[in-house]
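Asker: Going left to right, the sequence shown walks through residues 326 to 608 as our numbering numbers them.
Take these hints with a grain of salt, some might be off.
What the hints assert, rightly or not - Under the rule of at most 27 Å between Cα atoms (straight-line distance), these lysine-lysine pairs were calculated in the DSS-like manner:
id : residue 1 : residue 2
1  : Lys402    : Lys504
2  : Lys548    : Lys406
3  : Lys399    : Lys504
4  : Lys435    : Lys510
5  : Lys399    : Lys551
6  : Lys510    : Lys406
7  : Lys434    : Lys510
8  : Lys435    : Lys548
These are calculated hints, taken from the structure and not from any lab test.
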Amino acid sequence: MDGYYGFLALLVSALLVGFLAVLFTLVWVLHFREGLGWDGTALEFNWHPVLLVTGFVFIQGIAIIVYRLPWTWKCSKLLMKSIHAGLNAIAAILAIISLVAVFDFHNAKKIPNMYSLHSWIGLTAVVYYILQLLLGFLIFLLPWAPPSLREFLMPIHVYSGLVIFGTVIATVLMGVTEKLIFSLKAPAYSSFPPEGIFTNVLGLLVLVFGALIFWIVTRPQWKRPKEPNSVLLRSNGGAAEGAEGSLAINLSNADRADSELNSEAAARKRNFTLDETGQRSTM
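Work out the full structure, taking the sequences as your base and the hints as a guide.
Answerer: Spelled out as structure tokens, the structure:
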């Protein structure tokens with residue numbers, strides 16, 4: 326890997342910042358927001374930021390860069406796909422539970438649902454994330470889709486994942502700000518209370534974590550190298566993708582050999598014609 330130590334420094338920084346974001350979220354709800362519970366009160370709502378920052382931000386970010394870890398490049402692609410899908414599945418489950426918590430709280434307190442921009446974008450991100458997870462599982466993890474379809478959808482899959490992750494970062498920042506504006510009345514949010522400052526730092530940590538993940542995943546020199554001898558078994562037990570590649574190489578070599586033989590034969594024919602012409606001219 327080019328720039329291995331730079332990659333390692335950014336990876337450690339991302340993990341540290343992401344862990345701090347999760348820790349700050351827990352301190353926020355346990356110290357400033359009276360804790361956690363599941364009783365329809367504000368304590369149940371507090372699960373919403375904790376689960377979203379833990380799953381939808383931190384775990385999803387790790388899932389995005391898991392292919393970039395150079396010490397996993399010797400592992401099979403199927404194993405890495407399974408880890409990638411498993412991490413995303415955990416993040417999706419935590420996101421769904423966080424939505425249940427906030428809807429349950431709103432319904433118990435007779436608070437309208439889905440009226441803010443934060444809720445619109447957040448629910449859209451969750452829905453598209455689940456669709457991305459399901460399509461990725463069906464297309465890239467299960468051995469049913471043809472290689473041509475996978476090759477066509479891979480750039481779309483990668484782009485969609487980054488768009489969803491960026492949308493989640495923006496939604497979290499919107500939600501933190503919205504919560505502080507609604508909750509901090511005396512003292513007001515505008516008077517720089519300790520909770521407001523502490524939670525603003527949490528938002529900065531989430532933003533920096535997202536920026537580090539984006540930088541790591543968009544560097545071409547840190548991309549997982551393609552496996553030249555990768556074998557992708559088909560569901561019908563037919564030939565493997567690697568075998569097809571070997572067959573294509575052998576056919577290409579055979580065509581090249583035939584071309585060389587034809588060229589040699591043509592050269593001999595020209596020499597024979599020249600010799601024959603020279604002999605006739607001397608007679």
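Asker: Lys510 and Lys406: Cα distance at most 27 Å?
Answerer: violated (48 Å)
Asker: Taken at face value, is the distance from the CA of Lys510 to the CA of Lys434 at most 27 Å?
Answerer: holds (19 Å)
Asker: Are Lys402 and Lys504 close enough, with their CA atoms no more than 27 Å apart?
Answerer: Between Lys402 and Lys504 the Cα gap is close to 42 Å, so the pair fails against 27 Å, i.e. violated.
Asker: Just to be careful, I want the Cα atoms of Lys435 and Lys510 compared with a cutoff of 27 Å; is the pair within it?
Answerer: Holds, because 21 Å separates the two Cα atoms, which is no more than 27 Å.
Asker: Between Lys435 and Lys548, is the straight-line Cα distance small enough, at 27 Å or below?
Answerer: violated (49 Å)
Asker: Between Lys399 and Lys551, is the straight-line Cα distance small enough, at 27 Å or below?
Answerer: holds (11 Å)
Asker: Given the hint that Lys548 pairs with Lys406, test it: the Cα-Cα distance must not exceed 27 Å.
Answerer: holds (15 Å)
Asker: Decide if the proposed pair is consistent with the structure: Lys399 and Lys504, CA atoms, cutoff 27 Å inclusive.
Answerer: violated (45 Å)
Checked against the numbered hints above, the structure breaks hints 1, 3, 6 and 8 and satisfies the rest.
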